[in-house]
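*Asks:* In order, the protein sequences belong to chains A and B. Numbered according to my numbering, the first sequence spans residues 223 to 494. Numbered according to my numbering, the second sequence spans residues 2 to 204.
Everything hinted at is true.
Sample of chain B residues at the chain A side, in silico, Cβ under 10 angstroms: (1) L5; (2) A58; (3) N63; (4) A68; (5) G72; (6) Q73; (7) P198.
Derived from the structure by calculation, the hints contain no laboratory data. All values derive from a computational prediction rather than experimental measurement. Quick reminder that beta carbons are idealized off the backbone N, C-alpha and C, glycines included.
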Amino acid sequence: MNNCVTLENVTVNYGALSQFSLIVPRGEVTGIIGENGAGKSTVLKLLAGILPYGGSATVNGAQVKEMTGAQRQKVGYLGGERCLPESLTATQFGNVLSGMFANWDKKQFADMISRASLPCDKPIREFSTGMKTKLALAAAMSHNADLLLLDEPTNGLDAAARDEVLDTIYGFMQDEKHTVIITSHITSDLEKLCDRIALIHEGKLLVSGEKDELLDSYVIVRGYKGDNAVRTLERAYGCDALFLRKDIPAGSDAERVGLDELLMFFIKGNMS
Amino acid sequence: MKGLFVKDMYTLKRYGLWYLVYCLAFTLLAVFLENPAFVTGLAVLLPLSALSATVTADRKDNWTEYALACGQSPFAIAAEKLIIALTLSLITTALWALSYFLAFRTFDDPAELCITAALSFATVALSLPLSYKLGVERCRLVLGIIMLVLMVACVALLTAAGNGLSDASPLLFSALTVISVATCVPSLFITASVIRPDKSLSP
Numbered sequence: 223m224n225n226c227v228t229l230e231n232v233t234v235n236y237g238a239l240s241q242f243s244l245i246v247p248r249g250e251v252t253g254i255i256g257e258n259g260a261g262k263s264t265v266l267k268l269l270a271g272i273l274p275y276g277g278s279a280t281v282n283g284a285q286v287k288e289m290t291g292a293q294r295q296k297v298g299y300l301g302g303e304r305c306l307p308e309s310l311t312a313t314q315f316g317n318v319l320s321g322m323f324a325n326w327d328k329k330q331f332a333d334m335i336s337r338a339s340l341p342c343d344k345p346i347r348e349f350s351t352g353m354k355t356k357l358a359l360a361a362a363m364s365h366n367a368d369l370l371l372l373d374e375p376t377n378g379l380d381a382a383a384r385d386e387v388l389d390t391i392y393g394f395m396q397d398e399k400h401t402v403i404i405t406s407h408i409t410s411d412l413e414k415l416c417d418r419i420a421l422i423h424e425g426k427l428l429v430s431g432e433k434d435e436l437l438d439s440y441v442i443v444r445g446y447k448g449d450n451a452v453r454t455l456e457r458a459y460g461c462d463a464l465f466l467r468k469d470i471p472a473g474s475d476a477e478r479v480g481l482d483e484l485l486m487f488f489i490k491g492n493m494s
Numbered sequence: 002m003k004g005l006f007v008k009d010m011y012t013l014k015r016y017g018l019w020y021l022v023y024c025l026a027f028t029l030l031a032v033f034l035e036n037p038a039f040v041t042g043l044a045v046l047l048p049l050s051a052l053s054a055t056v057t058a059d060r061k062d063n064w065t066e067y068a069l070a071c072g073q074s075p076f077a078i079a080a081e082k083l084i085i086a087l088t089l090s091l092i093t094t095a096l097w098a099l100s101y102f103l104a105f106r107t108f109d110d111p112a113e114l115c116i117t118a119a120l121s122f123a124t125v126a127l128s129l130p131l132s133y134k135l136g137v138e139r140c141r142l143v144l145g146i147i148m149l150v151l152m153v154a155c156v157a158l159l160t161a162a163g164n165g166l167s168d169a170s171p172l173l174f175s176a177l178t179v180i181s182v183a184t185c186v187p188s189l190f191i192t193a194s195v196i197r198p199d200k201s202l203s204p
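Modelling step: build the complete structure from the supplied sequences, incorporating the hints.
*Replies:* If you want it as C-alpha cells, here you go:
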C-alpha cells in the first residue's frame, strides 16, 4: 500500500469540493495550494473525519467515514482554527490529550513545548498566534500519527516563527513512514517543503504532480503574441504565456515558472 | 473518554467553589426553613449549569470538532457530558435527602425525593441535545425557558405531593424516576446524532 491517501470523485456539499480526486503517496509531503475559499481546508477536514462527503476517501486503505477511533488516532490534525482550549495552560492541555490518545508521547510533547519556549503555566488565550500554532503542532505530532494534516501552519507567523514551524515539520518527515499534507497560500513555504503539489480552484483539482517535475514541465514566455500556450495572462505590459517546456515556440525566451505564477496562470489565465 | 472528562473538570474547576457555596447555602436554607424544595431547585440548576458551562467552553474552543478529529466518537462525547450532568443530579438528590433528614429527623416520604430526582434527570435529558443543537446564545435562552417550566412543574408537583399525592402508590413515583432516567437514553442517541458529521451527503 504505497498510497497513504486516496480521494476519488469526492464531493462535499455546497460545492466546496466537486468530483475531487487526489493521490498522496506515503512518506511524502504534499502541498495543496489555492486561493482563499478554494477548498484546501475542506480537503483536510474531510480527511480528519469531521466533514461529510460523497465519493471515496481513504486513509491507509480505510474509508474515512468508516474509520475506527484507533485508525483516526494515526492521523494528526492541525486545523485552521487551531481548536485549542483557551482557558487551559499548555500543561493542562497535555493532560487532556494524554487521556484522549492511546499512544500519547508525554516526553515528545514536553520536549516540543520546551524547544518552542512555550510557557507551561500561562493560559493559552494569552499565547501569540505563533505560540498557539507551535502548541497545536506539538499536540498533532505527539501521538505517533503517521499522517499529518496541516491547515495553513505558517499563517500569521513572522519569518522566525515560520522557519521554526517548517523545521519542526522537516523533523517529522525524517521518518520515511510519515506523510504530510499541508495547505498554504504562502507558496514559498511549500516550494521549500513539498515533494508534491496540488493546485486547487473552486473545489476542483487543476493540476497535481511531483513539484520538481511540475515546475520543470512548464515555462513562461513574457510579452507573447500568438497561440498554442497552455494559459495566457494579460499584464500591463502585454501578455504572458504559459507553455509546456516541450512546446516552447522557436526563438522565444522562456523563463522557469514559480509556484506562485503557476497558480496565477491556472486560476486567472485564459486558455488559448 | 478520559481526556474529555479531564478537559471538563478543568472547565468546571473554575465554578467549583460557587457550586459548593450554592450546595451549602441551599441545604442550610432547606434545613432551617424545613423546606427541602430549596434543594430541588438546586437539583435542576446545578446539572444544567454544568452542562451549559462545558458545552459553551467546547463551542468556544471548537473542541467537539477537534475531539472528533482525535478519534473520539460522537457517542463518547455525548456520554461524557451526560455522565457529568447525571453525577451532579445524583449528588444534589442525595443532598435533598440529607436536608430532609436533617430538617425532620425522619425519612418517611419518598414521593418528594422521587419527584426531585425525576425533575433533575429530565432536565439533563432535555438540555443535553438542545445544548449541542442550538448556538450558545439560543441554547442559553431555551435552557432558561426549560428551567423556568421545570421549576414551575417542580413547585406544582411538590405541592400536589404535599396535598395527597403522597398517598398514591410509591410505585407511581418510582416509575416517574425510572422514566426520567430512561429518557436519558434517547437523549444520548439524539445528541450523538447531532454531533456526528455524517448527515446530508452529496451524491
